[in-house]
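J.: So the chains spell out like this:
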Amino acid sequence: MIWILIALIASLTLVLLVAPFLRRTQEKRADGLGAFASQLEELNRDRAMEMISADEARTAEAEIKRRWLNASDQGDVENEETISRSFRTIGVTVCAAAVMAAVVIYLQIGNAHLIGAQPPQMAEVPEDVQGVLNELEALSASLIENPQNPEGWYVLGQAYMAMGRYGEAAIAFNNVIDQVEPTAGLFSSLGRAYVFMENGILGPPAREAFIRALELDPADVMARFFLAEARLQDGDEARAIQEWQALMESLPEGSEARVMVETRLEILETENR
Amino acid sequence: MTRFQTFIISLIAALVITMPVLAAPGPDETLEDPQLEARAMELYGQLRCVVCQSQAIGYSDAPLAGDMRFVVRERLLAGDSDAEVLDYMQDRYGDYVLMMPPLQANTIFLWALPFLLLLVGGAIAFAYVRRQSAQMETAFSAEEDAQIEALMREEGRE
Amino acid sequence: MIAELGQFLLILAFLVALLQSGLIFLGLRTGDTAVFGFARAGAIAQFVLVGAAFACLTWLFAVSDFSVLVVADNSHSEKPFIYKLTGVWGNHEGSMLLWCLMLTGYTGVLAWTANGIAPRLITLTFAVQSMITAAFTAFLLFTSNPFARLWPAPADGNDLNPLLQDPGLASHPPMLYAGYVGFSITFSFAVAALIEGRADARWARIVRPWALAAWTFLTIGILLGASWAYFELGWGGWWAWDPVENASLMPWLAGTAFIHSLRVMEKRDTLKAWTILLALMAFPLSLVGTFLVRSVIITSVHAFAVYPERGVFILAILAVVVGGALALYGWRANCLKPTGVFSEISRESSLVVNNLVLAAACALVFFGTFYPLFVTTVSDETLTIGAPFYNATFNPLVGTLLILVPISGMLAWKRAKPGPLLRQLAPAAIAMLAAGIIAFALADHDRLAGAMGTALAVWIAVGLLIDLKSRLKLFDIPLAASLARARNLPLGIWGMIVAHFGVGILVLAITGVSAWKTESRSFMQPGDSLTMGQYEIVLEGVSRVDRDNFIAEEGLFHVYYGERDLGSLAAERRFYPVRGMSTTESAVQGSALRDVYITIGEPVATRGWPVHVYIYPLAFWLWVGGAIISLGGALSIADRGRRSLLSRKPAAEQVQVAE
Amino acid sequence: MRLLAFLPLALFAAMAIYFAMGLREDPSVLPSQLVDEALPDFDLPPIEGYQLGLSDDDLHGEVSLVNYFGSWCPPCLIEHPMLMQISRSGVVPIYGIDWKDEPGAGARWLERHGNPYVRIGDDQSGRLAIEFGLTGAPETFVVDREGRVRYRHIGIITEEDWEETLRPLVLDLQSQ
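Protein chains in written order, with our numbering: chain B, 565 to 837; chain F, 2 to 159; chain Y, 262 to 920; chain U, 2 to 177.
One or more of the hints may lead you astray.
[What the hints assert, rightly or not] Just a few of them, taken from the derived set where beta-carbon distance is under 8 Å, the chain U residues facing chain B:
no., residue
1, P76
2, M83
3, M85
[To be verified] From the derived model, a few chain U residues whose C-beta atoms are all more than 12 Å from chain Y:
no., residue
4, L10
5, A14
6, D58
7, T166
Honestly, the hints are just simulated from the structure, not real lab data.
Backbone N, C-alpha and C define an ideal beta-carbon position, used for all residues, glycine too.
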């Protein structure tokens with residue numbers, strides 16, 4: 565379907581662009597000299613309305629006419645009809661090539677394979693999405709009433725993370741941390757909430773959370789991963805790469821975390837290229 | 002598009018707007034003497050809030066801006082003149098605390114610029130107007146007259 | 262599906278623009294006339310393609326397709342529908358797409374209406390426009406792709422910045438952009454004229470409506486921005502001289518100078534090189550406005566560090582656009598030989614002064630905005646350039662220029678006689694003096710500034726009325742004859758008088774708002790009242806209001822003036838939970854004479870709510886004055902619409918009749 | 002006249018060079034007025050739960066660091082381990098000023114994360130901060146034997162800052 569539409573759009577555009585090359589004669593073209601005629605007309609009206617003195621009008625008229633004359637001297641060449649075979653051939657070829665190039669670029673940066681695919685995350689959500697949302701609303705309402713419920717906050721935090729409501733997720737994780745003996749995992753979740761909230765920028769709160777996570781568990785993967793990202797954002801690329809590589813080597817081959825680090829390093833490499 | 006890129010790419014809103022602030026100073030920051038209060042309000046507009054980039058302390062509710070307003074009132078009550086208050090702040094924070102840059106070596110260009118432009122531009126423009134107004138237009142020759150007649154007739158027929 | 266379609270449309274638009282900018286030059290070199298038709302077809306194709314891409318993005322926002330990154334980042338399924346749509350340009354990528362849509366839109370309209378224009382000139386103009394379009398669509402595609410996908414998709418979006426959920430602000434960027442982008446057309450025409458090595462009255466007539474359109478949109482955009490700051494931000498002002506505002510003022514000042522000098526060029530075939538230079542500057546200043554100030558350098562160095570490719574891209578575009586245009590200017594400007602001459606006292610001379618001062622004012626704002634960065638670059642010093650600087654420099658500079666407003670329109674072209682003019686304007690001078698003295702005597706503070714502002718406003722207004730009276734010969738001939746003259750007066754003249762009258766009103770309003778404002782602040786509990794001169798403001802109650810996507814604390818106030826009851830009004834403090842942001846909604850009780858402007862803050866235990874009350878005399882006239890100025894611009898555009906460039910025949914006939 | 006037409010291009014070129022240079026500068030970095038000046042006179046009370054306050058007299062006679070912090074300030078927490086490390090190394094004494102903290106909050110914070118400071122003054126009103134020209138926390142001042150401020154460090158002290166800037170400066174001042 566998308567390919568049919570793309571083909572249609574591409575060919576329509578091509579037809580529109582190429583049409584002028586195929587036409588033999590061109591429409592009658594203007595030289596814009598009417599501007600002077602209409603200036604004279606304005607002048608006559610001003611004179612009729614006694615806006616300017618007769619003397620002024622006379623010299624103004626002379627000036628306009630002289631400019632008209634000058635302009636008409638220069639304009640003559642333009643009205644001749646010329647046809648250049650080679651240019652027309654080049655024109656048609658280049659237009660066709662450009663439209664092809666559009667398809668090629670689309671193949672590079674477009675995501676045609678996503679059409680019709682179900683977003684993976686959607687599949688995990690039960691059919692009655694609204695029902696889940698309502699449950700979450702109820703949970704958050706009850707937590708506001710009775711905040712001493714770390715498990716509840718944790719569930720809410722996870723749910724908000726999945727929904728992309730990172731600000732609220734951060735609040736929920738903070739509440740868990742206040743209520744139980746914090747673990748590295750909790751701080752690391754909180755850190756991620758902050759990072760996502762800031763669209764990937766590691767601000768002070770995110771850094772603090774990851775540092776706390778590392779204090780509790782020096783091997784925490786997420787904390788190490790993002791603190792390396794922080795290095796990168798501070799401009800210390802060498803150090804970031806070093807830390808990522810160290811992290812990667814500590815992870816089992818093929819594990820999800822390792823793939824994540826590998827991907828990150830690949831992205832960095834392509835960006836640097 | 003990888004998972005990581007998706008959250009790393011983000012918005013710099015093309016419409017970054019100065020954050021809204023509740024009109025500072027607060028009601029508890031009023032000086033008894035209305036004349037001093039008027040001077041204080043004027044000074045709040047002359048001093049920059051050092052934590053909020055180009056915003057005066059009179060329009061910022063940042064805590065540090067509040068502290069700076071407090072110092073302004075303290076100096077006024079101590080009998081300082083407006084200039085002394087500004088000097089006091091400038092001594093501590095440097096030139097950038099003043100919303101109006103002082104006239105000194107590194108701002109001379111900025112202050113002189115409008116005058117300079119008007120002067121130089123004015124001189125050029127004046128010279129130009131004088132020179133070109135000196136040449137009077139030549140008369141319209143009979144030959145040119147005939148040409149224009151022809152041209153206009155052609156226009157009319159079209 | 263729609264996202265992918267939009268992606269393809271955008272890519273195709275980019276390639277068409279790229280191809281066009283190259284092929285046109287080739288075609289003009291070979292002299293094949295097919296190139297003229299091709300240029301127009303390409304312009305229309307670009308517009309249709311970008312328009313369709315924009316429609317796709319709008320659709321994605323409308324249906325909340327969170328598999329598209331910008332939608333997920335900037336929308337939310339529960340947001341009011343209208344703000345889902347305005348959310349399209351409430352973010353970097355979408356607003357850039359809107360920018361491109363406007364750019365191609367202008368080009369498309371030009372293609373539609375280009376019949377009377379000399380073919381080489383218009384074709385070159387399309388080539389330059391296409392280059393600009395190619396640069397910006399490339400910027401979109403390769404650094405800020407609006408159709409980037411988010412996979413897996415989140416179940417809900419990240420909401421739109423609550424500050425942008427406001428009708429005023431939703432319409433503010435499109436207007437501003439329409440203004441900024443409009444100057445691309447005049448820029449392209451100027452470059453085309455330089456390549457041709459020729460520009461005369463024809464050129465000026467063609468360009469004038471475009472310049473006026475851009476200028477009018479920009480005026481409206483700035484006005485909407487100011488009113489948004491006034492009503493929404495709650496800091497009690499409408500103009501703060503911050504970099505974002507300065508950015509819109511710079512192209513406006515350049516554009517104002519441009520439309521004035523364009524008039525000289527059209528009428529008198531002189532100041533040509535200068536007019537072209539202004540056309541070349543207005544568009545880059547617009548670019549500086551949108552990009553450097555808003556997103557790259559001034560506001561946030563951090564942003565530049567995170568997205569260096571965007572900053573570098575924009576700087577490269579700017580360098581090529583400005584550097585290329587100015588190099589061409591240096592090379593070709595001398596081909597633009599003026600033919601008209603004028604004396605020292607003439608309308609031309611007064612417009613030269615106008616241009617000189619406006620250019621100086623524009624440079625002043627430019628340096629005021631960028632000088633701190635400059636100082637930091639060359640030394641370790643840091644400077645702040647804020648409102649007091651502009652008040653001390655910009656205001657007197659432009660204020661002095663405004664004295665010329667009524668004079669300029671009454672001066673004759675070429676050579677004016679100052680004697681009769683001075684006699685004619687004597688009543689205006691007397692009115693000015695009287696108004697200044699009265700204002701000085703009545704005011705209780707800021708007397709001098711208030712008196713000067715009032716005097717200037719009265720001088721402009723009365724001077725213009727005298728001008729109009731003499732044009733209509735009002736009271737000198739029968740009224741019916743005067744009315745006939747009014748009908749025959751070209752709309753361009755009406756536009757000028759109306760716009761200048763708006764300037765007078767604006768001056769008066771600015772004087773009122775800045776010189777005579779009073780303010781008071783206090784903690785209030787429900788039932789408390791606050792007295793300001795004759796005004797009494799009572800806080801009747803504070804209530805919590807839950808709305809769809811925000812929670813508001815609403816303070817209900819009642820205003821009395823002496824014994825008179827002026828009614829009640831509500832000020833709000835809103836909290837948007839999804840973004841964790843709060844905003845204020847000020848309450849304004851407006852009338853022609855003054856606004857009572859109230860904001861309410863966060864309550865302090867035991868002391869109540871902090872309430873700020875401002876009385877702004879004449880604030881209403883800020884918007885009226887601005888609207889009248891825009892109306893003047895619109896009238897002048899309509900002038901060109903009435904006698905279109907196509908209608909050569911009737912014009913010629915009339916000339917013959919006159920002979 | 003011919004050359005005049007190139008004037009706009011020349012101006013633009015100058016401007017472009019300036020922008021290219023300006024890009025590398027961060028306009029939010031603010032300079033300090035206090036450098037090479039004597040410390041302001043002050044005498045701060047101790048924070049709640051501590052005996053010793055801080056006055057400018059305490060800073061005479063020995064090279065020292067003065068660190069502004071607050072329990073409410075997340076970057077201070079990030080900086081804290083570095084301060085602990087400096088304190089343990091014994092190279093230079095660190096004096097703390099607790100900025101605009103609730104009574105007791107500073108002490109609790111130090112209890113939880115460790116106390117690197119020799120003495121701590123309580124600047125609860127934030128009045129002294131203005132004398133220091135403070136723009137935020139944390140900020141650290143290097144003070145020489147005569148009680149003059151020799152260097153001001155804005156923001157978190159990283160290990161690199163310490164090793165490459167602060168430590169050499171401190172050692173240099175101590176050897177004078």
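J.: Work down the list of hints and note, for each, if the structure agrees.
T.: Taking the hints in turn, this is what the structure says about them:
1. P76: Holds, because the Cβ-Cβ distance from U:P76 to chain B comes to roughly 5 Å (cut-off 8 Å).
2. M83: violated, 11 Å
3. M85: Where the cut-off is 8 Å and the nearest Cβ of chain B is about 12 Å from U:M85, the hint is violated.
4. L10: Violated, since 4 Å does not exceed 12 Å.
5. A14: violated, 7 Å
6. D58: holds, 31 Å
7. T166: holds, 15 Å
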